[in-house]
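**Q** Sequence:
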Amino acid sequence: MQMMTRDILLEMDQEEEDDDDGDIGDVAASKRPFLTPHPSRLVLDNLEQTTVCSFGSLESQPDFRTPEFEEFNGKPDSLFFNDGQRRIDFVLVYEDESRKETNKKGSNEKQRRKRRAYESNLMCDGLHLEATRSILDDKLVFVKVHAPWEVLCTYAEIMHIKLPLKPNDLKTRSSAFGNFSWFTKVLQVDESIIKPEQEFFTAPFEKNRMNDFYIQDRDTFFNPATRSRIVYFILSRVMYQVRDNVKKFGINRLVSSGIYKAAFPLHDCNFSHKSEDLSCPSERYLLYREWAHPRSIYKKQPLDLIRKYYGEKIGIYFAWLGYYTQMLFLAAVVGVACFLYGYFNQNNCTWSKEVCNPDIGGKIIMCPQCDQHCSFWNLNITCESSKKLCIFDSFGTLVFAVFMGIWVTLFLEFWKRRQAELEYEWDTVELQQEEQPRPEYEAQCTHVVINEITQEQERVPFTTWGKCVRITLCASAVLFWILLIIASVIGIIVYRLSVFIVFSTKLPETLNGTVSIQKYLTPQTATSITASLISFVIIMILNIIYEKVAIMITNFELPRTQTDYENSLTMKMFLFQFVNYYSSCFYIAFFKGKFVGYPGDPVYWLGKYRNEECDPGGCLLELTTQLTIIMGGKAIWNNIQEVLLPWVKNLIGRCRTVSSAEKISPRWEQDYHLQLMGKLGLFYEYLEMIIQFGFVTLFVASFPLAPLLALVNNILEIRVDAWKMTTQYRRMVPEKAQDIGAWQPIMQGIAILAVVTNAMIIAFTSDMIPRLVYYWSFSVPPYGNHTHYTMEGYINSTLSIFNVADFKNQSKGNPDPKAVIPTTCRYRDFRNPPGHEQQYKHNIYYWHVIAAKLAFIIVMEHLIYSVKFFVSYAIPDVSKSTKSKIKREKYLTQKLLRENHLKDMTKNMGVIAERMVEVVDNNLRPKSE
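Under UniProt numbering, the residue at position 488 of the sequence shown is numbered 488, and the numbers go up by one with no gaps.
Note that these hints are calculated values from the structure, not bench results.
Cross-link-like lysine-lysine pairs, in silico, DSBU-like; alpha carbons within 30 Å at most:
{"hint": "1", "residue 1": "Lys736", "residue 2": "Lys299"}
{"hint": "2", "residue 1": "Lys387", "residue 2": "Lys594"}
{"hint": "3", "residue 1": "Lys548", "residue 2": "Lys634"}
{"hint": "4", "residue 1": "Lys679", "residue 2": "Lys649"}
{"hint": "5", "residue 1": "Lys166", "residue 2": "Lys416"}
{"hint": "6", "residue 1": "Lys387", "residue 2": "Lys353"}
{"hint": "7", "residue 1": "Lys887", "residue 2": "Lys736"}
{"hint": "8", "residue 1": "Lys679", "residue 2": "Lys416"}
{"hint": "9", "residue 1": "Lys634", "residue 2": "Lys416"}
{"hint": "10", "residue 1": "Lys895", "residue 2": "Lys207"}
{"hint": "11", "residue 1": "Lys724", "residue 2": "Lys416"}
{"hint": "12", "residue 1": "Lys594", "residue 2": "Lys808"}
{"hint": "13", "residue 1": "Lys736", "residue 2": "Lys207"}
{"hint": "14", "residue 1": "Lys649", "residue 2": "Lys548"}
{"hint": "15", "residue 1": "Lys195", "residue 2": "Lys166"}
{"hint": "16", "residue 1": "Lys195", "residue 2": "Lys885"}
{"hint": "17", "residue 1": "Lys853", "residue 2": "Lys388"}
{"hint": "18", "residue 1": "Lys416", "residue 2": "Lys887"}
{"hint": "19", "residue 1": "Lys853", "residue 2": "Lys841"}
{"hint": "20", "residue 1": "Lys274", "residue 2": "Lys736"}
{"hint": "21", "residue 1": "Lys353", "residue 2": "Lys841"}
{"hint": "22", "residue 1": "Lys880", "residue 2": "Lys300"}
Start from the sequences and build out the full structure, keeping to the hints where you can.
**A** Encoded structure:
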């Protein structure tokens, strides 16, 4: 095949408007680096360009090439051109301008010229195009793209794609559960349905070493995913317009400006039945049957087939999600055991019995919790909440917090090992050598600098000063939005402070006579639930807004590669989501009820609102409520979005074409009516899981059932994601990925922070430390009156006494006119009683508790960190067997290439020797004659 060596570029008049193109992908041709529009230009970089004038008919240009129009051949499952030989590697969809129902004739003509110039350049680049008009909508035209063998080989070398050299004869990884094969066989995918992929030794493709590669059939040497990836690489870099010496390029620009409506690779068949073409492997159908269908929910994922069909990037996501879910099973079992321990021992909770006892809690009168509008109240109205608190605030919670600190380290370390195995099995060990710069980055490379390593000139998009300015602006924008989230959290706090007064005043009147409801719906509970719901709504709204802002900031930052782009966006989005989702939990856990003063001298928020107080049992139950609402609400909301939204959109699309439902539509038209999963679709899946990972680890001391909820959600999440990818979305362009990217260090940071947060929750949010101090020190002499260690009298010892006469006018409550005004009331703190020489100052119990809390945090952190670092050191990131396999494969690959090279040299030397002998013979023959 001969490669065309000329570009067809549209030169637009200066007066023409260009509303549909932006800045990205536009750069002066004189300053613009090479965008690899042709393989030959990568080598020679000296091809001439032919510019099509903007006047006259495009069809009249002698160098302009257009795809041939062919009628649909009636084969709905066909993946080939009408000749049945050339495979469809990509599909472009546009709306025929001549049939558009619009009055913008000039705009339509301009789009038409750009599109045809682009298609002509694609054909000049060696691609084959065939156009077919839509069966269901005659305004739509589908342009099918095929990459012939020569183009695939050329670009495989440019992209450093690894391809098979010879079959791999190394032993495969043995299962750790070999002795339980009778059990694991039920969980495995049936190998008679999804056959294991043959393993090969691989090497980056080189055309001049083509004989070294395992080429049995040219049609199957490049699998469909690799073909689509190569074609997309070309589509992203071919130019279509020049104006004012500025070139514009890439299919992404054309789709975003509306010149094309879509661009996508094809699914290989319908998900509900096999292809009628017997040569088609029907991998989409197999994935739906053995992976996405609800009946396969208990089976392991066919990761090799997922990787083969969708690419390594999606494959590594599902591998990570599956491994995370497996590890959650252990955490969920331990969490449920700790919960059951607390549940069955709640009746033995002495301090809860004292709260509920009419002779103890019923006679303890508590001080008003707000100014002017709140009244005195009896402690036993918190009886039900104290019983619930006994379930979560128990010794089992401490054990579970320590366990989770070790569990998260085991998960991360074992995942690194599993990831290394996948890198070897999927040939992504040296992926960084393959990744190409983003076209948007290449387009902006206008500055020449000297590379410090090679000492050669190279082009970069901005100078060092320009880079500093961009980083400063981006950091400032991120900081501004984080401060905006903090402002929303402050707004929620103000709401809590304000509405608590209203609930304290109105709720008893509203629920008067309904004792059963009053037991559960206290002013504190009502405030907590409503604030959590409002916080959840605000979180969802801010997510939508910041998502767009983060993308704009990252686009302005201009990362070099797609991996750099996603890592940069990941850090911005996670930082935002961290503050957005966790700030309210941090407030309840570490700030609420900690700085309230005492009834005679309360602390005010913003000089106006009196700080919130916790229940007599602490804020742990409120933190549990907050976590349940946010974590559960987020899971329900995300699943509704992921299932219903694409399903409804596809349903609407089918309803619009119901009049033509009896017509047989081709594969490309069926795929066009599916939903588009954007480039960041996988990013949001990761983000959702990492936020959940934070809930499971950061606050697990307050909610041991969090791993169980996460486990159930993830089991459904895997199948929901599989279902929507195989049935509701177009096939994504396969991409390479070596690991999970920036999410790995983020999880490591969460794991380190989780030890601190859980230690502080147990120390400062729960009442475990005060109870232990009372049991071992203050229940017996010299501080207590009991003869043996006991929890009896704990409630009385943790509630300080306040003289009602010492109330200030501002902080005085509003007593019930019918009730007798008490002379003293109780409040939650460790202070000296009135009449003491240091009245209302912290007593010795307080300092014992503070010392015990600090000691507990130090001991727990050092203990868990020591175990974590030991585990990290003891478990290598790459297993010994995997290292050996990588070294062995590298050795055999080099040996094979060297042997083949020597064979070629020997063969060439033999040919040269034969020719020299012939020359000598020819020279000597006349003399002998």
